Amino acid sequence: MKKTIAVLATLALAGWWQMAPAAEVTGKVTLKGTPPPEIPITFTDQCGPLHPTNVTTRRYVVGKDNGLKDVFVYISKGCEGKTYPAPAEPVVLDQTQCLYQPYVMGMMAGQKLQIKNSDTFMHNVHASPLAADGAEAFNLPQNAGQVNEKTFTHPEVLVKFQCDVHNWMFAYIGVMSNPYFAVTDADGNFKIPNLPPGDYTLTAYHLKTHGKTSTGVSQAIKVEGDKAVTANFTVEVPPPAP
Amino acid sequence: MAAIPTLRNGSTLETGGNPADNPALRRFALLTAAATFALVWMGGLVTSHGAGLAVPDWPNTYGYNLFFFPFSKWIGGIFFEHTHRLVASGVGLLTTILALWLYGYKSRPLLRWGGAATLLAGLAVLCFPSQSPHSHTGENIMLACIGAAALASSFVWPKCEPSPKWLRRLGVAAFFAVVAQGVLGGLRVTLLKDELGIFHATLAQLFFVLMSAMVLFQTAFWRKLPAPAESDARGLRHFFLAATLLILVQLALGATMRHQHAGLAIPDFPAAYGKIWPDTDAASVVKYNQLRMEVQDYPPITAFQIILQMAHRLMAGIVLVMVGTCAWLARRQLGPHHRLSRLAAGWFCLIVAQIILGAATIWTGKKADIATAHVACGALSLALGGLISIIAFRRLAAPAGQNCPAQKDELTTLLASSRITLRS
Chain A
1 MKKTIAVLAT
11 LALAGWWQMA
21 PAAEVTGKVT
31 LKGTPPPEIP
41 ITFTDQCGPL
51 HPTNVTTRRY
61 VVGKDNGLKD
71 VFVYISKGCE
81 GKTYPAPAEP
91 VVLDQTQCLY
101 QPYVMGMMAG
111 QKLQIKNSDT
121 FMHNVHASPL
131 AADGAEAFNL
141 PQNAGQVNEK
151 TFTHPEVLVK
161 FQCDVHNWMF
171 AYIGVMSNPY
181 FAVTDADGNF
191 KIPNLPPGDY
201 TLTAYHLKTH
211 GKTSTGVSQA
221 IKVEGDKAVT
231 ANFTVEVPPP
241 AP
Chain B
243 MAAIPTLRNG
253 STLETGGNPA
263 DNPALRRFAL
273 LTAAATFALV
283 WMGGLVTSHG
293 AGLAVPDWPN
303 TYGYNLFFFP
313 FSKWIGGIFF
323 EHTHRLVASG
333 VGLLTTILAL
343 WLYGYKSRPL
353 LRWGGAATLL
363 AGLAVLCFPS
373 QSPHSHTGEN
383 IMLACIGAAA
393 LASSFVWPKC
403 EPSPKWLRRL
413 GVAAFFAVVA
423 QGVLGGLRVT
433 LLKDELGIFH
443 ATLAQLFFVL
453 MSAMVLFQTA
463 FWRKLPAPAE
473 SDARGLRHFF
483 LAATLLILVQ
493 LALGATMRHQ
503 HAGLAIPDFP
513 AAYGKIWPDT
523 DAASVVKYNQ
533 LRMEVQDYPP
543 ITAFQIILQM
553 AHRLMAGIVL
563 VMVGTCAWLA
573 RRQLGPHHRL
583 SRLAAGWFCL
593 IVAQIILGAA
603 TIWTGKKADI
613 ATAHVACGAL
623 SLALGGLISI
633 IAFRRLAAPA
643 GQNCPAQKDE
653 LTTLLASSRI
663 TLRS
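If you're matching them up, the sequences are chains A and B in order. Note that our numbering has the first sequence beginning at 1, numbered continuously upward. Note that our numbering has the second sequence beginning at 243, numbered continuously upward.
Source of the hints: derived by calculation from the structure; they are not laboratory data. Just so we're clear, the structure is a prediction, and the values are computed from it rather than from any experiment. Don't take each hint at face value.
Where chain A lies over chain B, by a calculated footprint (3+ residues, C-beta under 8 Å) [said to hold, decoys possible]: (1) 296–303; (2) 311–320; (3) 523–537.
Built from N, CA and C at the ideal position, the CB exists for glycine as well.
Work out the full structure: start from the sequences and follow the hints.
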């Protein structure tokens, strides 16, 4: 009986959510300045043949009109005191051709994370969340084709994943308490749908530019009804030392 | 001239407190020390390749018994970490045998009865396996094999006399140190704590000093070394000891940098971010991180890590001056042809090589082989410093008037007053 009531309440909440006015927040993150050159990755004997062309690190991936890829954009203020159900479908972090795909992504606290090994050999998955004193850190062995599921309960921007077998493999996941986040595409564009009316702080966080000492660049946005909101960001990289 | 006593195995005892001449034991101690050096080198390779956590479990390897892990799976970082574990197991075994060998024929009962008990325990758990879904057949077979090997070895165990008590105690200390080192390494993996790696690395260096000293104590050079015979007017032995302790501090600093992945916290040398002393304010550190590019995506560096590396650089200079002073003082006090003078000169050359390797580590962007050679050369520097200090405390005496028992240094007392108790 209790279960039925819970399901009905969730459905009602979801229906209300769909019907309530909500806006789409879009924008672009632009890089100002010239980033240092990426470093070519020297693969091991197993991984090298999977990459006939050169592969480099992915610290500053700049696209059209200096759009910056892999920037995590999220609502950092304005959702306090509200609870959001974690989506039932899991997010997937894949290890393929000795690289993590995607490099940066987001998920909700409580949502399932599927970690796949699509390669034909072993990896290890070493996650280093810092929230709650690293209580949810893990280091898993993964055989070829293996899939593991994990869940994080503490929000954190960004949780680091690495493979210590192949020391160039890294990925980052933003764990959020609300569903309003996005990662910029190859041209630096992002889109956050279904944001209810209200006053928010929107933050863009680029791993290399902002590091761990900064929470990123932020701006206040106001959502009124279903009126679309545009918010652009510029992140700056300093000139190289003389 | 007094007759040199002959022991029951035919070896001779030349001076009180010294180990008997036992070439086989000497060679075995040398093998153990060499294996320890190889292990330090392998440990350096593990951290240089960022492979410390490439094998997530311990004491197993990806669920396999350590010794049965298929060779086809030794890929990438697993190769370095797994090889390190295998070599560590070898060093553990060699150290255990060495510690038992120092007890001579007295180890036989322990090997025989301990081996028999271990064999029976292994066979018992094999014959009556638990209903647990996690089978430990491989481990149980290993337990039985270890017991059988110990039992068998008790029948062919050397019949030599026990070594002096102080040396046997060192053997026991080495045994416990190697066990502690193994557990520390394992906990670093299972607890995911970089901090434990710092202690693991530092204990490794100390263990190598201990092993090197145990080789020294087995040599004819040590046995023939006269008891305090030369006056140490300038306090040379204290200089040697102080320089060795400085090297130990320097290696601990290096281990901290290495296990915080901050070896390149300052990417240039001899300048530091183009300056004599780098800026460490928050804005500067952010800028450093924005421009810092490495294949291994280590966490952003901090002001503390920059200061730590500056401390490491300054300490390198202090060590160079200190060891140089030791070499110069030894030459002046003992003459250029004295063994200690020659050893001190070699020590100074080693420190110069170490500084060049440290600079090369930065210039090459922490190339794994160079960074590992830097670790290994550091281990040799500490070990040589330790040996020189031991020899100096054995050979040199406080100047006349200061040589009363109350003022004797503790180490001198230990080395000079140790005696072999002969079995009647």
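Okay, the hints, checked on the actual structure:
1. 296–303: holds (count 4)
2. 311–320: Since 5 is at least three, the answer is holds.
3. 523–537: holds (count 10)
Hint violations for this structure: none, all hints satisfied.
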